[in-house]
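Chain B: place on chain L using the hints.
Read off the chains here:
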Amino acid sequence: MVEFPSFVEGFDVVVNGKRVGSITTGGVFTVLAEMNVTISPAHLRSIARKTEDVQGVPTSNQYEKSIGRYELEVLGYLTWLQPFSQFFGGDFFTTEKMPVIQHALKPADYDQLLLWRLQLRAVERVLNLSDDEVLQIRAGCLRRAGAQ
Amino acid sequence: MPVKYFGEPATGFGVSVNGQPIGNISKEGLCIDPVVLMNRVNPSADDLRDIASKIDEVVGRK
Chain L
1 MVEFPSFVEG FDVVVNGKRV GSITTGGVFT VLAEMNVTIS PAHLRSIARK TEDVQGVPTS
61 NQYEKSIGRY ELEVLGYLTW LQPFSQFFGG DFFTTEKMPV IQHALKPADY DQLLLWRLQL
121 RAVERVLNLS DDEVLQIRAG CLRRAGAQ
Chain B
149 MPVKYFGEPA TGFGVSVNGQ PIGNISKEGL CIDPVVLMNR VNPSADDLRD IASKIDEVVG
209 RK
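Each protein sequence line maps, in turn, to chains L and B.
Using the working numbering, read the first sequence as starting at 1 and increasing by one per residue.
Using the working numbering, read the second sequence as starting at 149 and increasing by one per residue.
No lab work stands behind these hints, which were simulated from the structure alone.
One or more hints might be untrue.
What the hints assert, rightly or not - Taking lysine-lysine pairs in the BS3-like style, the calculated list, with each CA pair at most 27 Å apart, reads:
id, chain 1, residue 1, chain 2, residue 2
1, B, Lys152, L, Lys50
2, L, Lys18, B, Lys202
3, B, Lys202, B, Lys152
4, B, Lys202, L, Lys50
5, L, Lys18, B, Lys152
6, B, Lys175, B, Lys152
7, B, Lys175, B, Lys202
8, L, Lys50, B, Lys175
9, L, Lys18, B, Lys175
None of these values were measured; they are calculated from a predicted model.
Same shape as in the complex, but just chain L (with noise of 0.2 Å):
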């Protein structure tokens, strides 16, 4: 079974419940498979169908890009913390201990983000970030991006 469940920048697409990758609001698919999995033909052509019918959908509006710019830049600088996380303690990421490093990451494109997405879940793994401090990071984004 192939699905495609949706989230802000396109949709994921899982095979038989594991995810292989994602196809952004570009129309683009992306392979990101995180374990072995395997697409029967049908299923190719299932997500091949799925990639042209997202073509030509409308990119995000405004509120969903200004939240893509801000989560750029903190998920940049995640990225940039990750080879020194084993020097961190776990309050590290509390609100007034996490600055933001104000262009310190060039947007490059709207797609883009969907790769940087990723990137912070491979971060969050390896620094073990609670699911506190997850939300805390995110929640973070979304009020930034609502104040703007």
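Same frame as chain L, but now just chain B:
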């Protein structure tokens, strides 16, 4: 064509898209290897259909 197949029937076929390895063809379908996050592979709809046809061909459906 950005989709390339390498190997032979006896050993199986590997698949690359735009020069990036994506996985191998098995009897069940395209077996995707976990892709390094930075190593993005973006097969087009036509690429996916090409791979689907190749799988059908390999397993004798065509």
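Query raised in the report: Given the proposed pairing of lysine 18/L with lysine 152/B, does the C-alpha separation stay at or below 27 Å?
Result: Holds, at about 25 Å.
Query raised in the report: Are the Cα positions of lysine 50/L and lysine 175/B separated by 27 Å at most?
Result: Distance ~24 Å between lysine 50/L and lysine 175/B Cα, so the pair holds.
Query raised in the report: Does the alpha-carbon distance linking lysine 202/B and lysine 152/B stay inside the 27 Å limit?
Result: At roughly 10 Å apart (the allowed maximum being 27 Å), lysine 152/B and lysine 202/B satisfy the hint.
Query - Distance restraint between lysine 152/B and lysine 50/L, which requires alpha-carbon spacing of 27 Å or less - result: holds (23 Å)
Query - Proposed proximity, lysine 152/B with lysine 175/B (alpha carbon, max 27 Å) - result: Roughly 18 Å between the alpha carbons, so the hint for lysine 175/B and lysine 152/B holds.
Requested in this report: Assess, step by step, whether the Cα of lysine 175/B is no farther than 27 Å from the Cα of lysine 202/B, and give holds or violated.
Outcome: holds (11 Å)
Report task. Could you grab the alpha-carbon distance between lysine 18/L and lysine 175/B and see if it respects the 27 Å cut-off? Result -> Holds: lysine 18/L and lysine 175/B sit about 19 Å apart, inside 27 Å.
Query raised in the report: Within a Cα-Cα threshold of 27 Å, do lysine 202/B and lysine 50/L meet the stated pairing?
Result: holds (20 Å)
**Report entry** Given pair status - lysine 202/B, lysine 18/L, alpha carbons within 27 Å
**Finding:** With Cα atoms ~23 Å apart, lysine 18/L and lysine 202/B stay inside 27 Å; holds.
The structure is consistent with each of the numbered hints, conforming to all of them.
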